[in-house]
Every structure is written in C-alpha cells, then in structure tokens.
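Chemist: Listed in order, the protein sequences are those of chains A and P. For the first sequence, my numbering begins at 13 and goes up steadily by one. For the second sequence, my numbering begins at 21 and goes up steadily by one.
Take these hints with a grain of salt, some might be off.
[Stated by the list, open to error] Derived lysine-lysine pairs resembling DSS-like cross-links, with alpha carbons at most 27 Å apart:
no., chain 1, residue 1, chain 2, residue 2
1, P, 323, P, 376
2, P, 323, P, 198
3, A, 24, A, 105
4, P, 28, P, 345
5, A, 275, P, 376
6, A, 105, P, 424
7, P, 198, P, 28
8, P, 41, P, 57
9, P, 68, P, 159
10, A, 41, A, 24
11, P, 400, P, 323
12, P, 128, P, 323
13, A, 275, P, 122
14, P, 449, A, 248
15, P, 198, A, 105
16, P, 86, P, 41
17, A, 275, P, 483
18, P, 86, A, 41
19, A, 248, P, 128
20, A, 248, P, 376
21, A, 275, P, 434
22, A, 105, P, 68
23, P, 434, P, 483
24, A, 208, P, 372
25, A, 41, P, 198
26, A, 220, A, 137
[To be verified] Ranges between beta-carbon positions, derived for each pair:
no., chain 1, residue 1, chain 2, residue 2, range
27, A, 272, P, 338, 16 to 22 Å
28, P, 294, A, 15, 45 to 51 Å
29, A, 178, P, 403, 42 to 48 Å
30, P, 434, A, 15, 52 to 58 Å
31, P, 433, A, 178, 48 to 54 Å
[As the list claims (entries may be wrong)] Computed footprint of chain P on chain A, listed as stretches where at least three residues anywhere in the stretch have a Cβ under 8 Å from a Cβ of chain P:
no., segment
32, 30-43
33, 215-223
34, 230-243
Treat the hints as calculated values from the structure; they're not laboratory data. C-beta atoms are modelled at their ideal positions from N, C-alpha and C, and glycine is treated no differently.
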Amino acid sequence: MYRIISKRVLNKAETTLEMVVEAPLVARKCLAGQFIIFRVDEYGERVPLTIADYNREKGTVTIMFQPVGRSTQMLAELNAGDSILDFVGPLGKPTHLEGLKRVAVVGGGVGCAIAYPVAKAMHAKGIEVDMIAGFRNIDIVMLEDEMRKNSTNLYITTDDGSYGERGFVTDRLKQLIESGRNYDEVVAIGPGMMMKFVSLTTKPYGIKTVVSLNPIMIDGTGMCGGCRVSVGGETKFACVDGPEFDGHLVDWDELIRRGAFYKNEETEQREHVCHLTGGVRRG
Amino acid sequence: MADMSPIKNPMPEQAPELRNKNFFEVALGYSAEAAMKEATRCLNCKNKPCITGCPVNVRIPEFIRKTAEGEFEEAYEIITSTNALPAVCGRVCPQESQCEGKCVRGLKGEPVAIGRLERFIADFHRASARKDIKPATKKPEQNGHRVAVVGSGPAGLSCAGDLARIGYAVTVFEAFHKAGGVLVYGIPEFRLPKEIVQSEIANLEEMGVTIVTNAVVGRAMSVDELFEEGYEAVFIGTGAGLPQFLNIPGENLLGVYSANEYLTRINLMKAYLPEYDTPLRQSKRIAVVGGGNVAMDAARCAKRMGADEVYIVYRRSMDELPARKEEVHHAQEEGIIFKLLNNPEAVLGDEKGYVKGLECLKMELGEPDESGRRRPVEVKGSNFVLEVDTVIIAIGTSPNPLIKSTTEGLETNKKGCIIADGQAATSRKGVFAGGDAVTGAATVILAMGAGKTAAQSIDAYLKSK
C-alpha cells in the first residue's frame, strides 16, 4: 500500500488535483519525464501518470491528474492518510537534457503538470527555458508560481483571453520563434491535438520537437503492446521506447484514435457510478 | 497386481456447450477412488523411464505407489521434494511429450495418467491443508545468505522455493501487482485456477520467501544495485514477455490486440468479472492469428467473453499446429473454427479506424523446411477477407530487453535471449538466468527445471565463495 501524504486542488474549477504519495522505491531513482502506473484498489484499472515531482529524502512522489475516467475519479475520492493499492515505477525513459542551451517547453491544460517538471529539470541544469502554458480559461489555470520559478520566461495563454494572453500556445510559440529565439528544442506536452499542432508549427522551422505520449497501457514494461504508436513509419511501444518521441514523426491521427478506444466502455462505467448520488462508489 | 486396462481412467470435464460460457475449470479432477484405481495401472517398472522425461525429476513411480495405497499426503511429500508447484504442473505440463510420453504402458494403449494423478495429489493436499488436517509447512533453518530472484513466474518461483528449502533468504521481485508471471497473466482461469497459483505462492511465503510486487528491476533498481544492497547472487527469470507483431498493414487499428494484452486484461485484470473496471472490446467475430497454446487460450477466452464466431488463423495445417493436442481438441469442442493454411496479409479498418476484416491469402504445403515442418507456400490470387471486428496476434513473444539494457556485461544472443550455460550461469559472475528469458518462449515445466538447476548452481557458487 502507498500512503497519500497530501492532496490539493490545483485550479479554480477544481478539475485538476495534486497528490503526494509515499513510494520510496519510485522516489529513489525517478527522473523528469518518467511515469508511474497506479491501481486504486483490487478492482481498478492500471493507469499511467507522469511523475510531476519527487523528494528522494522523504521517499515521496507527486502526481497531478484530472479525474476524467473511472479510475482517476476513484483516485480523486481518496484523501491524505488514505492509501493506493499499487504504485509502480519509475517507468519509461527520462527526458533528454544533454547539449541544450535554449528550449521552449509548451504545456496544454493538465499537460502543464507534466511539462512543468521537465522545465524544472532543464532550468536546474542551466538551460534557458521559455515556458508557454495554455488553458481554456482562467478557471483551469494552475501551477503559475511553480512554472514561473522554474523557467526563464513564462507565457500564459487562454483560449478566451480571461487570463494572460488570448490565443493558443501555438500562436505564442510562433511569435517567439519569429522574433528570433533560437530554440535547440521544443518540448510539447498536453492533449494529442495540442501536441500535433505544436509539431506542425515547429516543422517549417526545422526545430526538433519532443512530445510526451500517454497512451492506454497495462504493464508499462513492454509486455502488452497496447501502447504502440507509429513513429516515422515504425511501431514503437510508448512505455519502453518513450514516453518521449520526435513530434514530427508521430502518426497523430492514429494516436488520438487509439487513445479514445475505450470511450464507450468508460461512459457506461461512469453512468454506473453517478446513478443515484452523483458520487463515485463501487458496488 | 497391476490394472491392465489399456486406457486411462477418464477424468470428468464440464460439457463443452456449458463451459464455453464460463471461466470455471474445464477438467474437474479425479475422485480418490479414480486416482487409486488409475495408480494401479503403473507397472512400477525397473527402468523408470517416466522420471527421465520429467524436467524436474519427480520420483513418479514412488508417488504413484503411495497413491495406490491411499497414502496421499506421503505421495505429496514425494512430489514436492523435487517439484515446488505440483498443482500447476499437473494441469499445464505437456505430459504427452514428457513423463507420459516415456511410460511403457504407452507402448500398448494409453500411458498411466501421471499428470492427472499429480493434480489429484496436489489438490488433495490443498483441500486438507485448508481444513488444518496437516500442520503448515515448516520454515527451514536460515543459513544467513541472501539471494534475489527477478520475476515471479515458474522459473523464479521454483528457484526461490528450492533455495528457501535449503535455508537461503530469498526475495522475489515482481513488476506486476501480483506474483505468478505467466501463470496469472497468461494461462486462463479455466485451465489453471488462480486460487491454486496463489496457494502455491503462499506455500513459498510460509517457507520464508519474500515477494516484492510493483518492483521493476531494470528501472527502480538495477541488477548491480541488488548486489550493492547485499544480495550475494541474482537469478533472472523474467520470461519472454515482449509480444511479436506481424508487421502487416493495419496492425495498429482499433481492435487489434497482442495475445499478451488480451489475456492480461482477462486473466490478471479480470475483465470477465463485472466488479472489475477493466475494459475490453465487446467483440462479435474474432480472428486469432497463430497456432500455439497461447492462440488456443486467447480463442477460448474470446468465446467465453461472448463472441459469436472465433477463428484460429494459421498458415500451416492441423498436423503442424504447435499447440498441445488436448488444447486443440478442447478448442474444437468449444466451437472454435480453425481456418488453416491461411496467411494474414492486412488488417482492414472502417472510416473510424476500427477493425472490420482480416485479409488472408490461402497457402498450400510445400517441401519441409529446416524445422522439418512442411513449408507453407502462397496460392497466388487467393486473397479473401475474413469479416471480423477484432484481431488477436498470438505468433510468439521474445525476452524483454529491460534487464539486458541495464546490466553491463550481461551477454545475450541475436534474439535477445540471455546466454546461460547448462548450469544457468551467465556471463556475469553471481548472475544466473533460466526459463523463457534464456530459451525464448517455451513451457512452464522447462522454466521450472531451469529455476531448479539455477538454485543448485547458486548454492554451489555461494558455498565456494
């Protein structure tokens, strides 16, 4: 069992949560870019989440998530002091940090939870980091202080202009590139559609673009092959070959389709849950 | 006087039309009477060829003699002196090519039903242990030496069991949330009830084996770090978990599964039980590509999950099917349709990316190839489409590269299998390996045999240190 040390809400709309979990085996070696798989209880799915932060001394790992599917909703019901049944990691390859001078890290929505630790690791290594964080509106803006502290420049955009600049992250990214920032690399983390468009934005400029994928998977060690993704015409397993890949080579339409494979089943399950009270309950 | 009946005493089974709708065990096991009767078919011959056919050298005639006498617990002691997992082996070993394949009774008629007897004895013991008729397994005296076992499948469990029995402090590291490896994620409930696996593992824990789940060696800690932490030897029994795909067009469409994923969702993640959240596609027509035991397991699971039509698509003929005859027979009884001499060319999808068919090419058998099996040759222009909504690829697995890529100096061959000698020693001092991680995908009992050999080698290695 893995104890939850603390829990907090990250945005005004209360759609994204942060949990600090006691998991010494994971905390001992994990690095930015890697992920864990959790299972709330005996009946739950195995769900991958990227590691948002860690504390080696305390043996804790921080995760951030949006309760959207059955399992993340079950997780959201837990509080500090409760325990998660399974919590395994670190999985996947860590973020590549060598030989970089100036990088743009682009986060979309809850993807900022994953983009922020990447920015933090780069910033700590002396890499100049422009962090571009995009949200639908002011209600879901999160981690502003953390991102500001761990980047050289922070740009926040909202789709409706209710906070920061009005527009998409791709608009801001394009302006920065056009204004002459010579990025060695762009890192994009967020929904598939957002990563696809960031990759399309950087392609004409020939800037290497790294994306972090989070497809459906079971084991996270290369065993099920459920997380396969086409990269440059080759099939890769996101869990062991990734989760980070060259965004210019990813088959985005396939990735987005595969991510929605169980949407119908998920909807059914949610209806079960919300039947009477609207709460998440089992049995 | 031996019972000279030329056929085995039959073992009752669930009727096919009933069992293909549930996940309860297919074979129901012998009664005490049937077991004692079958045991008298053993001639107790001098050469004991059956023992040479067993990878873990179970003293077969001895345990059968005790069974005939009704001394079931003594029979159990004899079996478990060399085999840590008898209830498992009695069910999933290919006895026809091992112990029973060597039985002299098989020269004229059917061999003694050694597998069924082993199963009976193990089940009898488990049932009586539950009732506390027999005291729990005694914890052996500790010798103070620590050994790490990576992977809790049949190789790892048998290695751990043998080492614990002679006093080693053994820790088994498992990447999944549950121990058992292929016994829990791969082999379905109806062939090997998971309760049996859990009880065999509980026996090991009672003997003092520590099992750490959710521990991915190669990520959370390296093999070298295990030594730093004070383990004096490491056994790698990580199996062959990496699924192979066909590399044909359409393999990433929605509804194409590796057999590993499909079976894991059902067996480990219990997709067949309503209280579990594991999603699985509600398929109507399924093609399983491949002809081995895993393909049979996937097909029979698919039928039980409610598919109307389940096909086995295999490029050679019935004679070349690598699956055990008994499994093929059971699959046929349960209504699985065998589409033999067909080679998949492409998976076809609809406009939303979901599987709608499997395009195949008919084959005919030509000259034998290097494996001795007749080589399938394409029949030009014979393409046709099998209308299915789900395709399961069961054409084999290879060893997981995670350990290899994080352990310096550990040599592997072209196929990614760890190179180990006959004594399970690898190119790294103190590191031993066995099972599918060394051989590529093989059987449970061969893996157990390798685990056993490794345990002896580790003992000899640590005593010489």
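Chemist: Against this structure, judge whether each hint is valid.
Modeler: A quick look at each hint next to the structure:
Among the hinted pairs, residue 323 (chain P) with residue 376 (chain P) is consistent with the structure: their alpha-carbon atoms are about 18 Å apart, no more than 27 Å. Of the pairs offered as hints, the one joining residue 323 (chain P) and residue 198 (chain P) holds, with about 26 Å between alpha carbons and a cut-off of 27 Å not exceeded. For the suggested pair residue 24 (chain A) and residue 105 (chain A), the alpha carbons sit about 33 Å apart, so the restraint of at most 27 Å is broken. Pair hint residue 28 (chain P) plus residue 345 (chain P) holds up; C-alpha atoms about 16 Å apart against a cutoff of 27 Å.
Distance hint between residue 275 (chain A) and residue 376 (chain P) is fulfilled; the C-alpha atoms sit about 19 Å from each other, no more than 27 Å. Between residue 105 (chain A) and residue 424 (chain P) the CA atoms are separated by roughly 15 Å; this keeps the pair inside 27 Å, and the hint holds. For the given pair, residue 198 (chain P) sits about 37 Å from residue 28 (chain P) by alpha-carbon distance, which is inconsistent with the 27 Å threshold. Between residue 41 (chain P) and residue 57 (chain P), the direct Cα distance comes to roughly 32 Å. Violation of the 27 Å bound is thereby established for this hinted pair.
Pair hint residue 68 (chain P) plus residue 159 (chain P) does not hold up; C-alpha atoms about 32 Å apart against a cutoff of 27 Å. Among the hinted pairs, residue 41 (chain A) with residue 24 (chain A) is inconsistent with the structure: their alpha-carbon atoms are about 33 Å apart, more than 27 Å. Proximity of residue 400 (chain P) to residue 323 (chain P) is assessed by CA-CA distance (about 32 Å); at most 27 Å being required, the pair is judged violated. A threshold of 27 Å between alpha carbons decides the hint, and for residue 128 (chain P) with residue 323 (chain P) the separation of about 37 Å lies outside it, so the pair is violated.
Straight-line distance between C-alpha atoms of residue 275 (chain A) and residue 122 (chain P) comes to about 53 Å, which puts the hinted pair past the 27 Å bound. As the CA atoms of residue 449 (chain P) and residue 248 (chain A) are separated by approximately 33 Å, the hinted pair breaks the 27 Å bound. As the CA atoms of residue 198 (chain P) and residue 105 (chain A) are separated by approximately 24 Å, the hinted pair is consistent with the 27 Å bound. Restraint check: the Cα-Cα separation between residue 86 (chain P) and residue 41 (chain P) comes to about 38 Å, which exceeds 27 Å; the hinted pair is violated.
This hinted pair does not check out: residue 275 (chain A) and residue 483 (chain P) have alpha carbons roughly 57 Å apart, beyond 27 Å. Restraint check for residue 86 (chain P) and residue 41 (chain A): not satisfied, since their Cα atoms lie roughly 53 Å apart, outside the 27 Å limit. Taking the CA atoms of residue 248 (chain A) and residue 128 (chain P), the gap is near 53 Å; set against the 27 Å cutoff, the hint is violated. For the given pair, residue 248 (chain A) sits about 24 Å from residue 376 (chain P) by alpha-carbon distance, which is consistent with the 27 Å threshold.
For a cut-off of 27 Å, the pair hint linking residue 275 (chain A) to residue 434 (chain P) is broken: about 40 Å separates their Cα positions. This hinted pair does not check out: residue 105 (chain A) and residue 68 (chain P) have alpha carbons roughly 53 Å apart, beyond 27 Å. The straight-line distance between the Cα atoms of residue 434 (chain P) and residue 483 (chain P) is roughly 33 Å, outside the 27 Å bound, and the hint therefore fails. Restraint check for residue 208 (chain A) and residue 372 (chain P): the C-alpha separation of about 19 Å stays at or below 27 Å, so the hint holds.
Taking the CA atoms of residue 41 (chain A) and residue 198 (chain P), the gap is about 23 Å. The hint holds against a cut of 27 Å. For the given pair, residue 220 (chain A) sits about 19 Å from residue 137 (chain A) by alpha-carbon distance, which is consistent with the 27 Å threshold. With their beta carbons about 40 Å apart, residue 272 (chain A) and residue 338 (chain P) fall outside the hinted range of 16 to 22 Å. The given range of 45 to 51 Å is broken by residue 294 (chain P) and residue 15 (chain A), whose C-beta atoms sit roughly 30 Å from each other.
As the Cβ distance of residue 178 (chain A) to residue 403 (chain P) is approximately 55 Å, the hint placing it in 42 to 48 Å is violated. Evaluation of the 52 to 58 Å hint for residue 434 (chain P) and residue 15 (chain A) yields a failure: the beta carbon distance comes to about 46 Å. Between residue 433 (chain P) and residue 178 (chain A) the beta carbon distance is about 59 Å. The supplied range of 48 to 54 Å is therefore violated. For the segment 30-43 of chain A, the stated coverage by chain P is satisfied: 4 residues place a CB nearer than 8 Å to a CB of that chain, which reaches the threshold of 3.
With 0 residues bearing a CB less than 8 Å from a CB of chain P, the segment 215-223 of chain A misses the requirement of three and the coverage assertion fails. Requiring three or more residues with a Cβ within less than 8 Å of a Cβ of chain P, the coverage given for the segment 230-243 of chain A holds, as 12 such residues are present.
Of the numbered hints listed earlier, those contradicted by the structure are 3, 7, 8, 9, 10, 11, 12, 13, 14, 16, 17, 18, 19, 21, 22, 23, 27, 28, 29, 30, 31 and 33.
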